[in-house]
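Chemist: Spelled out from the first residue to the last, the chains are:
2 protein chains.
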Amino acid sequence: MTQRYKITFAYDGTQFAGFQRQPHQRTVEGVLTKIVNQMAKQPEGTLGVYGSGRTDSGVHALAQVAHFDFPFPIPADKMLKGLNSMCPLDIQIKDVEIVPDTFHARYDVTGKRYLYRLSLGPFTDPFKRFYTAHWRFPLDFGLMETAIQDLVGTHNFASFVASGAKPGSRVRTIFSTKAINDEANHEIQLEFYGDGFMYNQVRIMTAVLVEIGMKKRPVDDIQRLLAVQDRQQARLTMPAHGLFLERVYYPGDDPEHNEKKHPVRD
Amino acid sequence: MTQRYKITFAYDGTQFAGFQRQPHQRTVEGVLTKIVNQMAKQPEGTLGVYGSGRTDSGVHALAQVAHFDFPFPIPADKMLKGLNSMCPLDIQIKDVEIVPDTFHARYDVTGKRYLYRLSLGPFTDPFKRFYTAHWRFPLDFGLMETAIQDLVGTHNFASFVASGAKPGSRVRTIFSTKAINDEANHEIQLEFYGDGFMYNQVRIMTAVLVEIGMKKRPVDDIQRLLAVQDRQQARLTMPAHGLFLERVYYPGDDPEHNEKKHPVRD
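Heads up: the sequence lines are chains A and B, in that order. Read in order, the letters of the first sequence correspond to residues 1 to 266 in the UniProt record's numbering. Read in order, the letters of the second sequence correspond to residues 1 to 266 in the UniProt record's numbering.
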């Protein structure tokens, strides 16, 4: 009897060519799919692993979510141990749940939370080089903290979408944002929680906030960019390795934002 | 006119075959020596870089120290920028000082401080896999905290020295130790500050403390090991990648421990 499992997992994106399976590339989906098929003693490619969405090469996850159907039932705690025993050290399965067959890791998403870490100071910290974007120039945290609030709400984010994004509506809702001045660690962290983000959207929004912090843009420039809906006005994209998928939300996880509005997205 | 520079630098030891120069290997000393000779426009191998001591393959440094003689004077801040601009991203020069020609990074050491990081929990955290030793079994922190105090003082540490260590006295002084229960990060950290440590000494002491935390040894077993002076009784060595050289001390840095007792050591 087939059983559907929801898995929550962290990965260090440094040595992956992103989340999505690709031929001849080491990807998170590819590694997990291989492990699940091995555990089920199925020929490679029989069982599929479906993630909540892709992350780019170098992007990390603290809690990505996927589901798969397993041909025979195993208790969740055994599945957790079994998967971890087969995972490479750059993937950690943090939680396993048995879910109804109606659960879908991608179609059921009600929200996603991303974190972007900027490390400050004149020189790169060797221990953060894969886990933060290093920014050597002074940033005015107060300006960034003010500007990030302008992203909250339902907007057309066309100014913040990479040209490679799938066609379709650029309207998304950002539920909340947060700028954290982590002086002890010489970091500024930016958090974005919304119903979904398009290709490179978080990295482009972060780049605009960095430009505001450098006073290369006025503090209210996000309002203008949301109005003009033109990517040419926001050309920079921050590097992948500062970005973390922090959490994926499903119905019930956050009663305030419980709707599945955009069933298919990036 | 030759000028002597003292440099303080951090490195991520993951991709180095240790500190000490070796043919056909990427080492910290090798990389720095090459950079200093390039900056001085000297043929490779003309100028030498002298570290406070070696660290093993995989061991990290938050503040290692070295000195070198440069053929023409450059202000310290220019040297700092110049070196960092040529360093790979896994080495960061944190400080440069112009010092008298009598200063020697190795012979003048008055103390060293090491940190060992243990990450707890059933599975390896992908983001800590190169920067902590993962320990999946329960550890009694209170026992470790009590036992680590027994290392303080002047002792013969023969029970805690790897067989590959240089011959000579095994007597060293540990000025202070500290066990930190960092529950927020699921880590136990052990700190050792002394006048010098022999080959693998910190990693062997940490292994004994871990065995005490697991109740495989009595809490007062360090007293016995210091008395028997026999490495056969403490066979385990913790892995290199949990170890950080935290600070190197020179005369004046710590008025309480200001003596150069062992002019040549590991």
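There's no promise every hint is true.
Intra- or inter-copy, both count: the list cannot distinguish identical chains.
[What the hints assert, rightly or not] Computed list of lysine to any residue pairs in SDA-like fashion (alpha-carbon distance at most 25 Å, straight line):
#	residue 1	residue 2
1	K166	D95
2	K178	L226
3	K81	G30
4	K81	H134
5	K94	Q189
6	K166	L139
7	K216	G45
In case anyone wonders, no lab produced these hints; they're calculated from the structure.
Chemist: Determine for every hint whether it applies to the structure shown.
Modeler: Right, here's what the structure says about each hint:
Taking the closest pair of Cα atoms, K166 and D95 never come within 25 Å of each other, the shortest separation being 31 Å inside a single copy and 48 Å across copies. In this assembly of identical chains, K178 and L226 lie within 25 Å of each other by CA distance solely inside one copy; the values are 19 Å within and 53 Å between copies. Taking CA atoms no more than 25 Å apart as the test, K81 paired with G30 passes inside one copy only; the shortest distance there is 19 Å, against 42 Å between copies. Within a single copy, K81 and H134 get their C-alpha atoms only as close as 36 Å, which misses the 25 Å cut-off; across copies the closest is 16 Å, which meets it.
Taking identical chains as interchangeable, the C-alpha atoms of K94 and Q189 lie at most 25 Å apart whether they share a chain (23 Å) or sit on different chains (23 Å). When the C-alpha separation of K166 and L139 is checked against a cutoff of 25 Å, the pair qualifies neither within a copy, at 33 Å, nor between copies, at 50 Å. With identical chains, the CA atoms of K216 and G45 are never at most 25 Å apart, being 50 Å at best within one copy and 46 Å at best between copies.
Hint compliance for this structure: hints 1, 6 and 7 are not met, and every other hint is.
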